[in-house]
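Peer 1: Sequence:
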Amino acid sequence: MIQSLRGMNDMFSPDAERYEYFIETATTIAKRYGFTFFEAPILEETALFKRSVGESSDIVGKEMYQFIDKGENDVCLRPEGTAGVVRAFIQKKMDKQGGIHRFFYHGPMFRYERPQKGRLRQFHQFGIESFGVASVVEDATLIMMLVDILDALGIGYKLEINSLGDQNCMPDYRNKLVSFLDAHESEICEDCKRRKASNPIRVLDCKNSSCQALYAEAPKLMQNLCEGCDTDFQQLKSLLEDSKIDYEVNTHLVRGLDYYSKTAFEFVSDEIGAQSAIAGGGRYDRLVEFLDGKATPAVGFAMGIERLLELIKMPETKREGYYIGTMDDEGLPLIMKAAQVKRKSDKVTVEYKSKNFKNHLKGADKVNARFCAIIGENERNDGTIWIKDLELKEEKTIDLNTF
RNA sequence: GUGGGAUUAGCUCAGUUGGUUAGAGCACUGGUUUGUGGUGCCGGGGGUCGCGGGUUCGAAUCCCGUAUCCCACCCCA
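According to this note's numbering, the first sequence holds residues -19 to 383 in order.
If you are wondering where the hints come from, they were derived from the structure by calculation, not from laboratory data. Please note: incorrect hints may appear among the correct ones.
[As the list claims (entries may be wrong)] Calculated pairs, PhoX-like style, for lysine-lysine (alpha carbon to alpha carbon, straight line, at most 25 Å):
no., residue 1, residue 2
1, 138, 156
2, 200, 138
3, 376, 317
[Said to hold, decoys possible] Restraint-style ranges between C-beta atoms, simulated for each label pair:
no., residue 1, residue 2, range
4, 49, 251, 35 to 43 Å
5, 11, 178, 34 to 42 Å
6, 342, 316, 51 to 59 Å
7, 206, 53, 39 to 47 Å
8, -4, 165, 46 to 54 Å
9, 225, 165, 34 to 42 Å
10, 296, 178, 45 to 53 Å
The structure displayed is predicted, hence computed values, not measured ones. By construction, the Cβ of each residue, glycine as well, lies at the ideal position given by its N, Cα and C atoms.
Let's have the full structure, built from the sequences with the hints guiding it.
Peer 2: Structure, rendered in structure tokens:
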């Protein structure tokens, strides 16, 4: 038997219904905020991700589905959504056009990782990207939107925010931190030694307790923000407070993708295991320029749909549509015709097999139909159809032509 | 990539120190005189015990390999 690849899942009902419901809800809310749908290719040139996500990241370093295609192009399956949107934005020359551009997207992403709960090799994200607004007010708006989506789905969460600084203050801070790490080289764990070389900021969220004790003494990013970054962060906090959004400042919140600067945020859930981040995002003011576009401030986020699925509180399913059956084979043409008429406006389930009265009612109940319609010998002779409302328990026999 | 735990019917799981035709509940399906469902009663189908080797007179059970899932690390959505 051929089976699906490791870490790649099929999605049937009811998960597929939860998925649809999520997309529908998130889409509705994104549109209310003025975002428009955008669809990007799943396959892109490898260089795009190397330059945007960053070669120091695990995603690019060891998790990409990368290969050479028949035209000898070095390509890979997208590991995340932002790079493609930014590439398209520049290619369409929207950077030169100026103004504000807001997009939402959703679809599969691919990362070659060891699967576990909440971590798949093919997974789905819903994301939004906003271009052209430098103000932190947009960051706050995005967080409000995320709160609206999660609230609409009945999902509980904790919001963590941080500022990663910008090109003025981040390099200075990174140097200070590296000096600190150099001075304590013998005390840090192997992982942190590796991080020091590849992405030093990452040592801050090391889970090793002796490292954590040491880093309590380390220079703090929060205290090293330049004036602009600090002002923005203070404004973000007060905007969230004005909107009655609870948050926690987590100075150890570090995004794994190189392109983030200033605002970084993450929504986490304690109900889904170790892979607890359900949404994450932040500002990436330098990325458009970095990908050869005209400098354009931008901010965005992505949600991991599979991680949300089991948390979604679905609206109650109500009885819906018609179940139509006949008690003898002569009635089959009649119910087929009746179904054709009724399907113009309602969901219709037709039972092809002749059954007795009781079994038809059972069948109607099983498919959760609102109405059970039956044509027996009597109805067939009279040109009528018997209908019962299974919810109100009311029944009637009407002329088949008025059905 | 590292470490650990699982894998028996469509699903959730039993299966005694290796010993005849591997079980249960739910689900599915048929019947219960042609007339009232979701909640009665009776019956039926469905398993190369993840896959491949090995030990044995005999393997779901013991050994080795492998695949997948789960948990943690790592990383991130």
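Peer 1: Take the hints in turn and mark each one as holding or not.
Peer 2: Results for each hint:
With a CA separation close to 31 Å, the supplied pair residue 138 and residue 156 exceeds the 25 Å bound. Proximity of residue 200 to residue 138 is assessed by CA-CA distance (about 23 Å); at most 25 Å being required, the pair is judged to hold. With a CA separation close to 20 Å, the supplied pair residue 376 and residue 317 stays within the 25 Å bound. At roughly 41 Å, the beta-carbon separation of residue 49 and residue 251 lies within the given 35 to 43 Å, and the hint holds.
In this structure the hint that residue 11 and residue 178 lie 34 to 42 Å apart at CB holds, the actual value being about 40 Å. For residue 342 and residue 316, the hinted distance range of 51 to 59 Å is not satisfied, since their beta carbons lie about 21 Å from each other. Checked against the hint of 39 to 47 Å, the pair residue 206 and residue 53 passes, with Cβ atoms roughly 41 Å apart. Roughly 52 Å separates the CB atoms of residue -4 and residue 165, a value that falls within the hinted 46 to 54 Å.
Here the CB-CB span from residue 225 to residue 165 is close to 41 Å, well matched to the stated 34 to 42 Å. A beta carbon spacing of about 50 Å between residue 296 and residue 178 agrees with the range 45 to 53 Å that was offered as a hint.
The structure fails hints 1 and 6 (numbered hints given earlier, in ascending order).
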